[in-house]
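Number of protein chains: 4
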Amino acid sequence: MLQRLIGICQTLSRRGKSFSLCQMLKRGLRLGLGLSPVRHYTLDLRGIYPPITTPFNPLGQLQYQQLVDNVHRWSQLPFRGLVVQGSNGEYPFLTETERVEVVNRVRQVVPADKLVVAGSGCESTEATLEMTKKMAAVGADAVMVVTPSYYRGRLNSAAFVHHYSRVADGSPVPVVLYSVPGNTGLELPLDAILTLSQHPNIIGLKDSGGDITRMALIIYKTRKQEFQVLAGSAGFLLSAYSVGAVGAVCALANVLGEQLCSLEKLCLSGKWEEALELQYRLLEPNTMVTRTLGISGLKQALEWFGYHGGVPRSPLQPLTDTERTDLRAVFTNNGWL
Amino acid sequence: MLQRLIGICQTLSRRGKSFSLCQMLKRGLRLGLGLSPVRHYTLDLRGIYPPITTPFNPLGQLQYQQLVDNVHRWSQLPFRGLVVQGSNGEYPFLTETERVEVVNRVRQVVPADKLVVAGSGCESTEATLEMTKKMAAVGADAVMVVTPSYYRGRLNSAAFVHHYSRVADGSPVPVVLYSVPGNTGLELPLDAILTLSQHPNIIGLKDSGGDITRMALIIYKTRKQEFQVLAGSAGFLLSAYSVGAVGAVCALANVLGEQLCSLEKLCLSGKWEEALELQYRLLEPNTMVTRTLGISGLKQALEWFGYHGGVPRSPLQPLTDTERTDLRAVFTNNGWL
Amino acid sequence: MLQRLIGICQTLSRRGKSFSLCQMLKRGLRLGLGLSPVRHYTLDLRGIYPPITTPFNPLGQLQYQQLVDNVHRWSQLPFRGLVVQGSNGEYPFLTETERVEVVNRVRQVVPADKLVVAGSGCESTEATLEMTKKMAAVGADAVMVVTPSYYRGRLNSAAFVHHYSRVADGSPVPVVLYSVPGNTGLELPLDAILTLSQHPNIIGLKDSGGDITRMALIIYKTRKQEFQVLAGSAGFLLSAYSVGAVGAVCALANVLGEQLCSLEKLCLSGKWEEALELQYRLLEPNTMVTRTLGISGLKQALEWFGYHGGVPRSPLQPLTDTERTDLRAVFTNNGWL
Amino acid sequence: MLQRLIGICQTLSRRGKSFSLCQMLKRGLRLGLGLSPVRHYTLDLRGIYPPITTPFNPLGQLQYQQLVDNVHRWSQLPFRGLVVQGSNGEYPFLTETERVEVVNRVRQVVPADKLVVAGSGCESTEATLEMTKKMAAVGADAVMVVTPSYYRGRLNSAAFVHHYSRVADGSPVPVVLYSVPGNTGLELPLDAILTLSQHPNIIGLKDSGGDITRMALIIYKTRKQEFQVLAGSAGFLLSAYSVGAVGAVCALANVLGEQLCSLEKLCLSGKWEEALELQYRLLEPNTMVTRTLGISGLKQALEWFGYHGGVPRSPLQPLTDTERTDLRAVFTNNGWL
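Residue numbers (this note's numbering), protein chains in the order written: chain B, 135 to 471; chain U, 135 to 471; chain G, 135 to 471; chain S, 135 to 471.
Be aware that a few hints might be false.
Claimed, not checked - Distance condition first, Cα-Cα at most 25 Å in a straight line; then the derived SDA-like pairs of lysine to any residue: (1) G:399 <-> B:407; (2) G:358 <-> B:468; (3) S:355 <-> U:468; (4) S:358 <-> U:468; (5) B:405 <-> G:356.
Derived from the structure by calculation, the hints contain no laboratory data. Here the structure is a predicted model, which is why all the values come from computation and not from measurement.
Excised from the complex, chain B in its bound form (with noise of 0.2 Å):
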């Protein structure tokens, strides 16, 4: 019966409802049946995300038009769902307005059975705590909390507990760790995701570091707690699958996601050597929307690959001619223009 319960909250989540009286009504139960030591998913992460970009004009006004239209060609493939406003959703560009409501208009345009895990993080408890409730509000099935990084010289490990903590205690939906040193410059430490994967609303954690050693050991040290790990990058999706991930949020999703999710069944299917070819292939496309040319490369390929792209907001500039050649250069060298 409680797996049923699980199962209509769950669905009414998809749905965009709040998630408040099924989480009561789930947590009720557990501790009603005596269940706190085993732990269910509250939320099925497996799969492929892109964290989805947000199309902005020349003059730096959001189209939600085009961010719907996306939407929509996003919604065709196979993706477990959509991130929105993770890194590469610019949303330190985004006002506390804007971010609400892109996850609705994403909300209302993505498939029911779709996920929208949305980028809730903060600098600050409260504020991540606020901007939480609202995105749930407006239908996230969950959310996803990036570090603090500003005071990092005092966000030691107790810090980032109480930090998740209290968020994890006052969000209607599951949380999801994000740990991304590329952007922070600092990593979620290992002994706070321990600890932080036996909170009950706390259901995974993504990765973007690419140190495959921790990631394993993350998966190994929280299998007791069912806690699912995503890759954070195309780079090594792959061996993130080899050493237990469940799925990935991949910039390069945006663009190629057809791929990625061909990627995984391979994975899941134990086709190693298959998966291993076109892994190989997304290595340099990925660099080069990530590490090297960053959210302006990857809405430039966008455009290539009939999405609305267009450029990032200021400070962010967009492409020169050599790095928009080099680009082109690369997803042709691979194979995919």
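Assemble the complex: chain B is given as a structure, and chains U, G and S must be docked to it using the hints.
Structure of chains U, G and S alone, referenced to chain B:
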């Protein structure tokens, strides 16, 4: 006559009027008088500034009356002005409304002959410009703009030059660059600083990095622009004066403001030996309230010195007992408590 | 016939004869037979290698008999060979004479069908070449050359290409590149590796950095050169195999050699699930004897597994009691002791 | 009487005699006279030192006659002494024999009233001690011991304290600590320095890190030990004097020795404004021959200033044409060529 007009403008500005008229006037006069090759400071920044803290109660609510009380006390010290919402002001934890209101309240209390330099930096260029205008509108004499940092992989000199030029073009008040690698994990590149020093509305730099060779080089290479460099910490205040800095914004000035103004005076009057004796005794307390214990330490020290300190917003945590004891020992051992 | 000649050369080389004749012969044959476009391995590196430790007594004196005893035991395991004077061999603490003599002694003990790969890297190019020749003269089958690092500010790709080309030109045995940022603080740049992979006497890379995306990219971009990539740690061994690595040099193989050879076999036979279960249990012990406790930890573990461990030379210090207890717990908890 | 005996010892030592007798004498006297609480410098380090380069011909052969020629010229400048085999002496590229012989040759040429401070650091403690003894035996007045760095993961304060204590215990001449993060990638920790400053045979520190706050703190915290701190670069020489450093070891002194001695004099006589004008003009040339172009740049500059420069040993590469032009421009633009 030009000097007098500039003087009037500055007086107006310190009284909380909009700068835009003054700025246009000054620029027009300069152009009309053929003064462009000669650069006059639009604002004389020389002196010591505390980057004031923002008081919260244990629930995290902003305590405006406590802020005002503190500002009254700081106003009695021979500071050149106050920096509102530097890193120690916990600006990343404030809402947009709070950020502006804090500047507003401070400006109402601070005497007209003291500057209010407001931290208006945001991740995006447009948000920074908007915040700049709002802070100017409530009476900030200048804005101090921290480097964006989230998309660090793409934040090269060209991006920074674009960002700061755009903000300075649109700002009704002069702009001070702000490089604080201890928090952002990146340093505003030297070549970007040199380029930006030529912008008529960029009047200086607060450098908290502590690389004294770099600071000396910036001062040397911008001396034709009469660009004003402020040290970003009390730890290297004497050294900064020794290489030509015009002042300092020091966390420690929140609690030992008088002593830091004395140190300034000793440096400016060439009493280097006395200055050094004083500098020595400030080193350890400074390290404690910056690198070691951060804002939590600074707020604890404020309590001991009779100010409203309180606790920082989460995820920053109050001091542990051990940390409090260590902090106390350092202030005591150096003769300050 | 070419293959047979190469075979003879390899046999000769393993018996401690000079390679130079063989190398000339092979090159000449290739040229004569117009074989330059097709690259054949001069040495097949596939397999697992322990980077063996060097035993010292408490006075820091090298214990050759203990070394020989250990090598006898390691020789009974299905290793491809031994790496002598990798980082775990404390090569920076050995005199020039000791470095050569250790290789000599090991070569005398190791069966002819197992490789002796000797670490011959020094800071200067000429010293590296001299050491390479001496180690080849006492029977090293190949040399593994760590990146110089002291003048890191000037060690760009051009410098590395020059360094390794010069060494490989003059070396009587094949050269393996060695990048170990955990010790040197720098990484051999990707472009330098790609250039060097085309050198006929550079046959592979040991990469201890653990960036699996980079490793995959190196393998992909050098597949035409049949360049052999070895993982530099047991922590990412499975992942390395998943992206096409041909083997591994793992500190942990000093103590858990059989298990690492089993892991290799499981990976090569496509039994990825079993492999993963084994990999998981190796993660923590591996971290302990590398990052956390280093050689001191490895030598302590050797004692527990019946080898001669001893203590490292100073400034490395023996384990504290707490460290020893922690180390023991990790081996015990993972079922190895 | 003690002072006189110490004076005799120092005179002897400067003439290249073994220190061991003197040291024993001094220690015995101190103990006998109950003087341990009062610390007297065993060697007065105050002044400017060039860390001299080692000339090679294009084949990489050490050119002793060129070295001697250079030393003759440097000896005519008001240096306190020469540092032989600092980082600029390419010590990691010299054989053990060359290292000792270079010190020997220099000592034979340098006048008795100038110090020869010899870089004796090796990775292992015992090798460092052996090298120290050999350099003392050929007349080094003191040794400067760079931090080991290869096993950085385990080189904590305890390891450094053990390393330096052991070397200082066994050294016949006083020991100067040497921290150079630009080359080693690590910094000798503050707490290790404070502990080591109490050792009777450790008389100072060369700090090349350029963190002036740290330097000031070291000077302040060791003032009871009269520990002597030398700046490790011309870039922050004035600032170092401003916080109490007693001298400097500057690469730039190889070519602009007279100017650096003038800068010292200006600082010591309190002529800070003149000093600053001179310091400014040294900043860019200093950066060029250290961070930007390193030893290759320094050796090129030596040629322009009439010394024997030559090229560094490989893997360091000679300047490219562009680099040479840039270097020349910097010396010209600052009025030195």
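Comparing the hints with the structure gives:
A threshold of 25 Å between alpha carbons decides the hint, and for residue 399 of chain G with residue 407 of chain B the separation of about 16 Å falls inside it, so the pair holds. This hinted pair checks out: residue 358 of chain G and residue 468 of chain B have alpha carbons roughly 15 Å apart, not beyond 25 Å. Taken as a hint, the residue 355 of chain S and residue 468 of chain U pair is honoured in the structure, with Cα atoms around 11 Å apart against an allowance of 25 Å. At roughly 15 Å between alpha-carbon atoms, residue 358 of chain S and residue 468 of chain U fall within 25 Å of each other, so this suggested pair holds.
Distance check on the hinted pair: residue 405 of chain B and residue 356 of chain G sit about 23 Å apart at the alpha-carbon level, within 25 Å; holds.
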